[in-house]
Amino acid sequence: MIWRALGYRAAQAGVVAFLVGVLTFLMMQALPGDMAFRIAAGRYGYDMVTADAAAAVRAELGLDRPAWAAFMVWLGDLGRLDLGVSVISGRPVWDEIRHQMGASLHLAGAALLLSALIGPPLGILAGLRAGGWLDRGLLVLSSGLRAVPQFLMGLILIVLVSIQLSWLPAAGHGRAEHIILPALTLALGLAAVSARMARDAMAGVAARPFYAFGRWKGLSEGQMLRRHGLRNIGVAMVTFLSLQFVMLVEGVVVVESIFGWPGIGHALVHAIFGRDVPMVQGTALLLGLGFVALNALTDLLTRLIDPREIRA
Amino acid sequence: MTPLLSATDIVVQAAGQMLVHPATLVLHPGRPLTILGETGSGKSLLAQALIGTLPQGLTARGRVTIGDRVLDAADPASFRPLWGRTLGVLPQEPWLSLDPLMPARDQVAEGHALVRGLSRVQARTAAVRDLDGLGLGRAGGLRPDQLSGGMAQRAAFAAARAGGARIIIADEPTKGLDAHRRDEICALLLKGAADGGGLLTITHDLALARALGGDLMVVRQGRVVEQGPTAQVLAAPDSDYTRALIAADPASWPRQAPRPAQGAPVLRAEVLSAARGGRVLFRDLDLSVHLGEVLGITGPSGCGKSTLGDTLLGLAWAEAGRVQRAQGIAPVRFQKLYQDPPSAFPRAVTLGRALDDLVALHRLDGARIAPLLDRMRLSPGLLTRRPDAVSGGELQRLALLRVLLLDPVFLFADEPTSRLDLITQAQVTRLMIDIAHQAGMALLIVSHDAHLIARSCDRVIALDGPLAQAA
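Residue numbers (the numbering used here), protein chains in the order written: chain B, 1 to 312; chain A, 1001 to 1471.
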């Protein structure tokens, strides 16, 4: 039942929220170094940190409280949907995250969309003629693209498109053309894999008896693909694309750094350096809940595509 | 009467090898034509050459006239425009041949809409009418996984004809089906031919050929052995091969006097019950199996006959009741012979190696293999091959040999011959029974073929679905 599946996801969200809170808190506590000094360095810069500044931070944030008390405060705030205030910038964590997460989602979404326009269509065409020239060419191309690490791909694109051709800016954020290169960097790596996935799924479906029967019924290749092919590879593709999206959000750190994109990956690294516990907890929490929501959406979509009950 | 389809001198070749020798056939409206032959006889290739769907690497020659069109069998692409419009193909596995995600009605309607060019509403109405006519009026909205095998077959039949095809080509439509389902399909096919349509059936099933009537072609090793009106060919066959084929049909096996159970019981089941998916298969079954006796279980597909065998052997759990083996017999002497011989052997290992491993594992006497090979009429040279390089009949006999090395006291043969041809089936069944009698082994045969069970077993248990009683 669909409601049961959603209820399961809701319960999972609760568990994820609690675990993420506990784990990030424990990990932040376990990091070496004096927290007050790190936070002071984050606020005023490394050169300005003195014992007095650290003491002031300690007193202000109540860092000499026992750890469990601090955690209870965070949990209590969470109960009121309050993620707290960044100890470095002093702005509400929610505002900071919304800004950065928005930028990351923007980039990840653009990358996924771009990859979905490149990868699956090529893969489907290759799968329909498994063993043909397109299939073999695509295998070489996608293996090659897959073998290029993201940072290298980013640099290659910057050198080619920005420096040699001067078509697009090398880095930055704010205008529409800024997103093209970072999104393309991510999309090529994603499309390399999703093309193979689509190819295998399509070749598998095209080899099944119902595909042959459809042709015998008199349907053309195009009619077969539209009416029987796409839906039957749908579950595999939706599941895989949502998985790619998760990997993408996790993996944007590198690309955001290369292209100077003010995203969540970037922000998370800085928050960890500065021991900005509320920021780290808030970011991890939202990422965790985001993944649960994405999984729930994937469940819904796959069930719409394939309503068959899974039998034990 | 102008024929619907006539084919002249059809030849199928692969790499210079002749797989189908020149064959000529004529299909008249309203008169079924059946091509009868064993696996590998080339009967399916002949039909595929007429549809233009030969597998890669095979080429055909010859002239095919369909209606007023003359086509060259060497050019398979020229057949495609006829698919669905003139030629309809009824697939072998109806369940797998329907799109698993689309309701049956839509799969019929798309033939009306996309092939015949009706509007969506008209196509839907036509599909509903088709399904109604086949007794599927209520099942139109169901997906294939919600249909029974018989319903799926009828839906596939409607879908195959929706585009306006008047000629139906059915390739092995009754493979692995019990007598009841076979009669259903036969009625379905005849319905298509009754209103002046064409019907070409390819089968290994003598009973189906007999029931369809019309004309018959018997094919062996790529050659047409005999052809003529079905009733005449089956009543007075000209060729030795056709005679052998008819004699191998379980329905014409000689009846044997059942031998009363003499040996000691090896297995006793009490108040045995089993269920699958919430459905009771059998309940409170009491039975015992004695040494040297041949016990048969038969019934329609899904009635639980294989489950009963597995339960007796301890491979499946009973809901209730218990199974007791005779004391003091090694567990390994209770054995099973599987339905599908190729999947019962390791694929990458030669057959000899597989047998040697068994001998080593159970510290058996390897010298017994040679006389058993002889007994099974198998050439020792087969042992150097892998399972895929041996015929199904040979492989099933090897599987039997492998089991016999363990000196079984109880052997459960689960549809042991359903993947074999008629003549091979008769040989393998005869062999199993002789060995059971000679070795004093208890043999349990499960088969959907009631004739086979009735003519070969000393005692029969007929399961008929929800509840069953010991005979």
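Simulated from the structure, these hints should not be mistaken for laboratory data.
Certain hints may be false.
Unchecked claim - Part of the chain A face toward chain B, derived, beta carbon under 8 Å:
(1) Arg1459
(2) Val1460
(3) Asp1464
As the list claims (entries may be wrong) - Listed next, the stretches of chain A that the computed footprint assigns to chain B, with coverage defined by at least 3 CB atoms under 8 Å from CB atoms of chain B:
(4) 1081 to 1087
(5) 1092 to 1098
(6) 1103 to 1116
(7) 1443 to 1451
Said to hold, decoys possible - Sample of chain B residues lacking proximity to chain A, with all beta carbon distances greater than 10 Å (derived):
(8) Ala11
(9) Pro209
(10) Gln223
(11) Ser257
Think of the CB as a built atom: it goes at the ideal place given N, C-alpha and C, for glycine as much as any other residue.
Now for the hints, and whether the structure bears them out:
1. Proximity of arginine 1459(A) to chain B is violated relative to the hint, the smallest CB-CB distance being about 35 Å (cut-off 8 Å).
2. With its C-beta approaching chain B no nearer than about 32 Å, valine 1460(A) sits outside the 8 Å limit, and its interface hint is violated.
3. Contact between aspartate 1464(A) and chain B, as hinted, is not supported at the beta carbon level, the nearest pair being about 25 Å apart and thus beyond 8 Å.
4. Restraint check on the region 1081 to 1087 of chain A versus chain B: 4 residues with Cβ-Cβ distances below 8 Å, three needed, restraint holds.
5. For the region 1092 to 1098 of chain A, the assignment as covered by chain B holds, since 5 residues bring a beta-carbon within under 8 Å of that chain's beta-carbons and 3 suffice.
6. For the region 1103 to 1116 of chain A, the proposed coverage by chain B is satisfied: 4 residues have a C-beta within less than 8 Å of a C-beta in that chain, meeting the threshold of three.
7. Check on the region 1443 to 1451 of chain A: 0 of its residues sit with their Cβ under 8 Å from a Cβ of chain B, so the three-residue criterion for coverage is violated.
8. No beta-carbon of chain A comes within 10 Å of the beta-carbon of alanine 11(B); the shortest separation is about 28 Å.
9. At roughly 4 Å, the least C-beta separation between proline 209(B) and chain A is not larger than 10 Å, which violates its mark as non-interface.
10. With 10 Å as the threshold on Cβ separation, the claim that glutamine 223(B) sits away from chain A is violated: the shortest Cβ distance comes to roughly 6 Å.
11. Distance check for serine 257(B) against chain A: the nearest CB is about 43 Å away, which clears 10 Å, and the non-interface claim stands.
Going through the hint list in order, the structure does not satisfy hints 1, 2, 3, 7, 9, 10.
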